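**Q** This is what each chain is made of:
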Amino acid sequence: MCAACFHFIAELNLMLIDWNNFTPWTALAGGALIGVASAIFVLFNGRIAGIAGILGGLLRPKLRDIGWRLAFITGLITAPFAWLLFAPLPDIQIEASNTLLAAAGLIVGIGTRYGSGCTSGHGVCGISRLSPRSIIATLAFMATGVITVYAVRHVLGA
Amino acid sequence: MKNHISNTATLIFSLLSGLIFGIGLILAGMANPAKVLAFLDVAGLWDPSLGLVMAGAIGVALIAFAIAKRRNLSYLGLSIQLPSNRIIDKRLVLGSMAFGVGWGLAGICPGPAFVLLGTGSGKSIIFVIAMIAGMGLYELFESSGKPGHKNK
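Protein chains in written order, with my numbering: chain A, 1 to 158; chain B, 1001 to 1152.
Calculated from the structure, these hints are not laboratory results.
Model, not experiment: these values are computed from the prediction.
Hints may contain errors.
Unchecked claim - Coverage of chain B stretches by chain A, computed from C-beta distances (three or more under 8 Å per stretch; other residues unrestricted):
id, region
1, 1008-1014
2, 1033-1043
3, 1055-1061
4, 1064-1075
5, 1089-1097
6, 1103-1113
7, 1121-1133
As the list claims (entries may be wrong) - What follows is a set of in silico ranges between Cβ atoms, one per label pair, in the way DEER data are often shown:
id, chain 1, residue 1, chain 2, residue 2, range
8, A, W25, B, G1120, 24 to 34 Å
9, B, N1007, A, L139, 31 to 41 Å
10, B, A1009, A, L58, 15 to 25 Å
11, A, W25, B, A1009, 14 to 24 Å
12, B, N1072, A, P90, 36 to 46 Å
13, B, S1079, A, S97, 38 to 48 Å
14, A, P61, B, Y1075, 25 to 35 Å
15, A, P61, B, S1079, 16 to 26 Å
16, B, N1072, A, P24, 17 to 27 Å
17, B, S1143, A, P24, 39 to 49 Å
18, B, Y1075, A, H154, 41 to 51 Å
For every residue, glycine included, the Cβ atom is placed at its ideal position computed from N, Cα and C.
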């Protein structure tokens, strides 16, 4: 078997929690806001707040759908401006190189469309609808996300 | 006239949802790719915060979807369109697995990508353009493949 797998399990047993950067209250409150946004979207617009789906739909445009899709994305883009009216933005760090970002973006674009959703559509809305498809999808992308970070940081040592 | 009003309302509620969603992402720490990677790095110094983001979001959204499931029309009188597909197929699993790889490489998923764009981050422009290109490739594959293959 692979040495990396044993290494992985050994490290899991020594799981270290980063208490200094653990932010339970803002995480819960921010999550609740995401829930509120998804609630507004389904109860007023009758739609799933799945960003990959909202964006992807623009690439096969139906005229009457373009407006609300762009409006939602505009809301996301203007969020930092709204935030800045009240407080400075928190720490934001993008560690990946430009090449890696391009590769990652491409894979995220293709993967979310084949998989019919991303963290918002499957992870938040889908699980909240108790959709078995979304639960499976969330487990799948969480698993490969963890494996990818493990491979990059602990096997390749980047 | 009624149609015109509900169209405007649709746009306003879309904008509002996007805005609240984005503010939630910033507050939660999900707009910070380094924090997302720290969540996925279970073998390193693990930051479990983002698990609580999911918990907070699902806690609220569960109620909303329970209400939505019992209605045909939204509060704006629009039909409530919930996915009806129940089939767990290769597309779903492999597509989601691929998404996870991309997510793990950069720590960015589609929602935070647009929030990052709004912060003026030049790096996020690269990610967003590549993501749209990926979705465009998907459309190309789809249109050249089986006609009428239904996607959500």
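**Q** If a hint holds in the structure, say so; if it doesn't, say that too.
**A** So, going through the hints one by one against the coordinates:
1. By the rule of at least three residues with a Cβ nearer than 8 Å to a Cβ of chain A, the coverage given for the region 1008-1014 of chain B holds, with 6 such residues.
2. With a threshold of 8 Å between beta carbons, the proposed coverage of the region 1033-1043 of chain B by chain A holds, since 9 of its residues qualify and at least three are required.
3. Coverage of the region 1055-1061 of chain B by chain A holds [criterion: at least 3 residues with CB-CB distance below 8 Å; count 7].
4. Only residues whose C-beta sits within less than 8 Å of a C-beta in chain A count toward coverage, and the region 1064-1075 of chain B has 8 of them, enough to reach three; the restraint holds.
5. Only residues whose beta carbon comes within less than 8 Å of a beta carbon in chain A count, and the region 1089-1097 of chain B has 7; three or more means the coverage holds.
6. With a cut-off of 8 Å between beta carbons, the region 1103-1113 of chain B has 10 residues touching chain A; three or more are needed, and the interface restraint holds.
7. Given as covered by chain A, the region 1121-1133 of chain B passes the check, having 11 residues with a CB less than 8 Å from a CB of that chain where 3 are the minimum.
8. About 28 Å separates the C-beta atoms of W25/A and G1120/B, a value consistent with the hinted range of 24 to 34 Å.
9. A beta carbon spacing of about 38 Å between N1007/B and L139/A agrees with the range 31 to 41 Å that was offered as a hint.
10. Checked against the hint of 15 to 25 Å, the C-beta distance between A1009/B and L58/A comes to roughly 21 Å, which is consistent with it.
11. Checked against the hint of 14 to 24 Å, the pair W25/A and A1009/B fails, with Cβ atoms roughly 34 Å apart.
12. Look at N1072/B against P90/A: about 41 Å separates their beta carbons, and that is inside 36 to 46 Å.
13. As the Cβ distance of S1079/B to S97/A is approximately 45 Å, the hint placing it in 38 to 48 Å holds.
14. Judged by the Cβ atoms, the range 25 to 35 Å given for P61/A and Y1075/B holds: they are separated by roughly 26 Å.
15. For P61/A and S1079/B, the Cβ-Cβ distance of about 20 Å falls inside the hinted range of 16 to 26 Å, so the restraint holds.
16. A hinted range of 17 to 27 Å for the beta carbons of N1072/B and P24/A is inconsistent with their spacing of about 38 Å.
17. About 46 Å separates the C-beta atoms of S1143/B and P24/A, a value consistent with the hinted range of 39 to 49 Å.
18. Take Y1075/B and H154/A: their Cβ atoms lie about 49 Å apart, and the range 41 to 51 Å holds.
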